[in-house]
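S.K.: Using my numbering, the final residue of the sequence shown is 82, and nothing's skipped along the way.
To be clear, the hints were calculated from the coordinates, so they are not data collected in a lab.
For clarity, every value in this text was computed on a predicted model and none was experimentally measured.
Treat the hints with care, since some could be wrong.
Unchecked claim - If you anchor each label on the Cβ, the simulated ranges turn out as follows: (1) PRO52 - VAL21: 12 to 20 Å; (2) SER56 - ASP19: 26 to 34 Å; (3) VAL17 - VAL37: 17 to 25 Å; (4) GLU24 - GLY46: 14 to 22 Å; (5) ALA8 - ARG53: 25 to 33 Å.
To be verified - Below are the EDC-like pairs computed for lysine to aspartate or glutamate, each with C-alpha atoms no more than 20 Å apart in a straight line: (6) LYS18 - GLU47; (7) LYS55 - GLU32; (8) LYS18 - GLU32; (9) LYS13 - GLU47; (10) LYS15 - GLU47; (11) LYS13 - GLU48; (12) LYS13 - GLU32; (13) LYS55 - GLU45; (14) LYS18 - GLU45; (15) LYS18 - GLU48; (16) LYS13 - GLU24; (17) LYS13 - GLU26; (18) LYS13 - GLU45; (19) LYS15 - GLU48.
Ideal Cβ placement from N, Cα and C applies to all residues, glycine included.
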Amino acid sequence: GAPRPGKVKVVKDGVISEREVTLGLESRNQVQVIAGLAEGEEVVLPRPKSGDGADKGRGKGDKGGGSGGKPKLPMY
7 GAPRPGKVKV
17 VKDGVISERE
27 VTLGLESRNQ
37 VQVIAGLAEG
47 EEVVLPRPKS
57 GDGADKGRGK
67 GDKGGGSGGK
77 PKLPMY
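The whole structure should be built from the sequences, with the hints applied where relevant.
M.R.: Below, the structure is given as structure tokens:
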């Protein structure tokens, strides 16, 4: 689909803040962040609804959206 605006919660120095990002492709359990995150930034995700214990609702971007990389973040 076409890029669209979105928001994520980012952890920096133990403080959680909301940030606007640009979202790209989406599947059933992943969404692509194409701009707004840098490599290594830690994001907070909602808790899984099914109780499957998926990483306690936290994940890290793997390639940095700020410089053209496309980190994929689990989405529950």
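S.K.: Determine for every hint whether it applies to the structure shown.
M.R.: Hints and how they fare:
1. PRO52 - VAL21: 12 to 20 Å: For PRO52 and VAL21 the Cβ distance comes to about 19 Å; the hint holds.
2. SER56 - ASP19: 26 to 34 Å: Holds, at about 32 Å.
3. VAL17 - VAL37: 17 to 25 Å: holds, 18 Å
4. GLU24 - GLY46: 14 to 22 Å: holds, 19 Å
5. ALA8 - ARG53: 25 to 33 Å: Because 29 Å falls inside the window, the suggested range holds.
6. LYS18 - GLU47: holds, 8 Å
7. LYS55 - GLU32: Since the Cα atoms of LYS55 and GLU32 sit roughly 19 Å apart, the hinted pair holds (cutoff 20 Å).
8. LYS18 - GLU32: Violated. LYS18 to GLU32 sits at ~26 Å, over the 20 Å cutoff.
9. LYS13 - GLU47: holds, 14 Å
10. LYS15 - GLU47: holds, 10 Å
11. LYS13 - GLU48: With Cα atoms ~14 Å apart, LYS13 and GLU48 stay inside 20 Å; holds.
12. LYS13 - GLU32: holds, 15 Å
13. LYS55 - GLU45: violated, 28 Å
14. LYS18 - GLU45: holds, 13 Å
15. LYS18 - GLU48: Distance of about 8 Å is within 20 Å: holds.
16. LYS13 - GLU24: holds, 7 Å
17. LYS13 - GLU26: holds, 4 Å
18. LYS13 - GLU45: holds, 17 Å
19. LYS15 - GLU48: Roughly 9 Å between the alpha carbons, so the hint for LYS15 and GLU48 holds.
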